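2 protein chains.
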Amino acid sequence: MDKVNLAQKFELFTDYWSPKVIGEINNYDVKIVKVQGQFVWHKHDETDELFLVTSGRLGLQIREPSGGEERTIWLEPGEMAIVPHGMEHCPIAEVETHMVLLEPKGTVNTGDIQSDLTVHEVPHI
Amino acid sequence: MDKVNLAQKFELFTDYWSPKVIGEINNYDVKIVKVQGQFVWHKHDETDELFLVTSGRLGLQIREPSGGEERTIWLEPGEMAIVPHGMEHCPIAEVETHMVLLEPKGTVNTGDIQSDLTVHEVPHI
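Those protein sequences? They're chains V and B, same order as listed.
Residues in the first sequence are numbered consecutively from 743, following the working numbering.
Residues in the second sequence are numbered consecutively from 743, following the working numbering.
Simulated from the structure, these hints should not be mistaken for laboratory data.
A few of these clues could be false.
One copy or two, either will do: identical chains are not told apart, so a pair holds if it fits within one copy or between any two.
To be verified - Once the Cα atoms are required to be at most 25 angstroms apart in a straight line, the calculated BS3-like pairs of lysine-lysine come out as:
(1) Lys847 <-> Lys776
(2) Lys751 <-> Lys847
(3) Lys847 <-> Lys745
All of these numbers come straight from a predicted model, not from anything done at the bench.
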């Protein structure tokens with residue numbers, strides 16, 4: 743059992759939208775990711791997803807499932823949000839943004855959408 | 743769906759060793775807690791437990807399950823550790839320390855031990 747220093751882990755890679763596993767809790771992966779620009783709209787029908795921003799600023803564009811109303815929740819460092827399962831969302835970042843993600847093992851980053859940004863094998867770092 | 747600002751949530755209470763739920767992801771609770779002093783030795787046979795320190799300094803005293811060797815992992819802000827299920831541990835903090843916890847709903851803070859510090863009803867804030 744070792745500790746994990748988030749800042750040190752973020753120094754190990756530079757690619758965007760490519761999550762890395764930094765810890766495992768039961769059947770969940772704790773991941774970190776660097777992002778900039780816009781991701782793709784998608785949803786995870788089977789799981790909620792936690793986003794915790796540690797630097798930069800993340801826009802979580804979401805569509806309410808009922809009426810489909812679209813809005814953006816901006817997360818600053820030290821802020822988190824949990825996107826419920828089934829809710830369409832699309833992260834966006836105007837500056838390089840670092841965040842911690844939590845989701846069950848096997849959760850694919852682009853959810854129900856196949857995209858050039860889809861990552862099937864998430865490395866442990 | 744709303745965002746959660748960790749610092750704002752920590753301003754809502756002052757008691758030590760008394761976790762509060764700030765979010766739910768599937769069947770897991772995201773909790774925050776303020777601690778100072780020493781907790782009690784305990785373990786969770788059925789679940790791993792994540793600790794992420796946001797201020798102060800946490801000592802995670804642990805006993806390796808095999809030989810029972812005891813050591814302390816010190817977590818600074820921005821550092822986390824995941825205590826595996828079945829591992830005896832006892833948090834300690836020399837200064838007021840704030841941290842985020844993740845564990846399945848219903849996980850009791852003192853695990854297999856009944857103590858004055860046992861919290862059965864964890865409030866949402």
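Checklist entry - What hints, given by number in increasing order, does this structure fail? => result Violated hints: none; all satisfied.
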